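Enquirer: Sequence:
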Amino acid sequence: MRNTARQTRENRTITIDFHNKATYFQLLGDGKAFVELVMAFILSLGFQLKHKATCDGGGCVTRHSHYVRVRLGGISIWRLQCTKCKAVFTVLPHFVLRYRQMRPEVARDALLATHGGLSLELCAVICHISPMALYRLLCALGHHSMVTALTRCGLPLPTYVLADEKHSHCLTDKVYLPTIVRGRVIWHLGYTENASAAAFTQSYQEFQCAASQQEPSYRVRGILTDGFDSTIKSMRALFPGARLGNCLRHAINKLPGKPTAIASPVRKALRSQFHTLLYRVRQRKGLRVFALGQRLRRFADHVATMAGAPDGARVRHWFQEKKAGWYAVLEDPRMPVTSTLLDQAHHAIDRKLFMMKAFHHPQGSQQAFLRGLAHLYNLVPYQCRAKHAGQCGVEVEGGKVPTQDWLLNLPHSTGFSGRACHHSSKAA
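Residue 46 in the working numbering sits at position 46 of the sequence shown, with consecutive numbering throughout.
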């Protein structure tokens with residue numbers, strides 16, 4: 001047996017939008033027009049073909065060979081080749097899914113239903129497909145880096161992020177989903193069975209390594225957390241220069257649990273007053289940190305009056321532990337404030353994991369499945385009654401999707417081999 005590791009093959013499959021099947025079949029008989037259309041589409045996306053490292057871009061591209069997809073009705077799939085470095089590119093028409101027998105129309109409906117919250121079993125019944133086929137399609141999307149996909153859509157690497165974790169269950173085991181978010185875009189969605197700082201650091205390091213490959217000088221300036229100890233330790237280890245902030249929404253929700261032996265109406269009143277306190281401080285134009293420090297001292301005295309001196313001392317001590325993180329949020333307007341949007345996404349993912357019990361197994365790829373769901377979350381447009389109707393999360397955050405078809409954007413942003421590089425191509 002050979003002890004040397006096999007070299008990984010480069011993925012040079014490119015999905016091209018031919019608008020309709022008739023155009024594709026017509027161009028199969030005209031090699032020059034076929035190559036010109038393919039190159040024009042790639043350049044319109046702002047991509048370039050990924051040649052071999054030894055290619056200086058002086059060659060041209062010509063048709064190389066073809067094969068027939070028998071299970072899709074005998075469709076001919078052509079390959080292009082660079083005449084200089086001999087790199088071969090497989091041209092996949094938009095109405096064919098790579099390594100999948102299902103039609104794109106079926107995949108579109110099934111992925112939308114899955115993204116909307118239905119289980120794989122129900123999606124399979126509605127779309128007349130195998131549940132395992134849909135599961136494998138999601139995992140295929142999830143094998144690609146989220147950082148690479150988002151940067152291909154023109155999004156800059158985030159300098160202020162929200163780092164949060166979801167406590168969920170997979171089969172009978174408790175699992176954790178470390179997540180990094182900026183605005184309405186998920187940049188990292190991890191999976192670990194251990195809540196230790198070392199496990200979280202290993203998960204978040206995947207984002208750091210992917211971002212460093214895109215931009216070696218990348219640095220994170222601010223991170224919002226909910227105060228979970230493992231998340232804080234992992235963020236300090238990976239991004240030592242970043243300032244850590246504490247989520248204001250979590251502070252409002254945790255305050256009622258600090259006093260003991262008080263009536264429920266008093267707890268609700270204290271929560272409402274604390275919410276008003278933070279809201280008014282955020283509305284100030286200047287000296288917000290100074291105003292928050294004064295109001296926190298007065299509020300602790302108010303709690304001592306309402307609930308007793310021991311509860312007032314307990315709340316005051318809690319303020320001392322958390323106020324540095326609140327100051328970090330108020331001092332920099334670019335810092336995220338709350339994790340409400342991420343909490344909603346985490347709840348949807350939690351329900352999906354619960355409904356996936358029949359598919360999870362020790363040798364399964366839960367990480368790939370979750371990453372595939374995250375790609376859907378970033379690229380599927382919002383419904384017609386949503387605030388940003390017709391736009392996806394990438395567009396809301398200022399990015400640009402390759403095409404107007406979100407299903408076509410998935411292979412372009414995740415598995416497209418013609419990514420931007422220093423090589424150039426000339427149409428034959």
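Rather than coming from a laboratory, the hints here were simulated on the basis of the structure. Predicted model only: the values in this text are computed from it and were never measured. Treat the hints with care, since some could be wrong.
Here are the simulated lysine-lysine pairs, DSSO-like style, with alpha carbons at most 27 angstroms apart [as the list claims (entries may be wrong)]: (1) 52 to 21; (2) 84 to 166; (3) 166 to 52; (4) 400 to 387; (5) 322 to 268; (6) 400 to 174.
Computed Cβ-Cβ distance ranges for the label pairs, DEER-style [to be verified]: (7) 272 to 341: 33 to 39 angstroms; (8) 404 to 275: 39 to 45 angstroms; (9) 272 to 331: 34 to 40 angstroms; (10) 171 to 405: 32 to 38 angstroms; (11) 56 to 240: 56 to 62 angstroms; (12) 29 to 387: 26 to 32 angstroms.
Backbone N, C-alpha and C define an ideal beta-carbon position, used for all residues, glycine too.
Enquirer: Against this structure, judge whether each hint is valid.
Expert: Going down the list of hints, with the structure as the test:
1. 52 to 21: violated, 31 angstroms
2. 84 to 166: violated, 50 angstroms
3. 166 to 52: violated, 41 angstroms
4. 400 to 387: holds, 18 angstroms
5. 322 to 268: holds, 21 angstroms
6. 400 to 174: violated, 37 angstroms
7. 272 to 341: 33 to 39 angstroms: violated, 23 angstroms
8. 404 to 275: 39 to 45 angstroms: At roughly 41 angstroms between Cβ atoms, residue 275 and residue 404 fall inside 39 to 45 angstroms, so the hint holds.
9. 272 to 331: 34 to 40 angstroms: Violated: the Cβ-Cβ distance is about 26 angstroms, outside 34 to 40 angstroms.
10. 171 to 405: 32 to 38 angstroms: 36 angstroms Cβ-Cβ, so the 32 to 38 angstroms window holds.
11. 56 to 240: 56 to 62 angstroms: Cβ of residue 56 to Cβ of residue 240: about 40 angstroms, so the range 56 to 62 angstroms is violated.
12. 29 to 387: 26 to 32 angstroms: violated, 48 angstroms
Consistency with the previously given hints fails for numbers 1, 2, 3, 6, 7, 9, 11, 12, ordered from lowest to highest.
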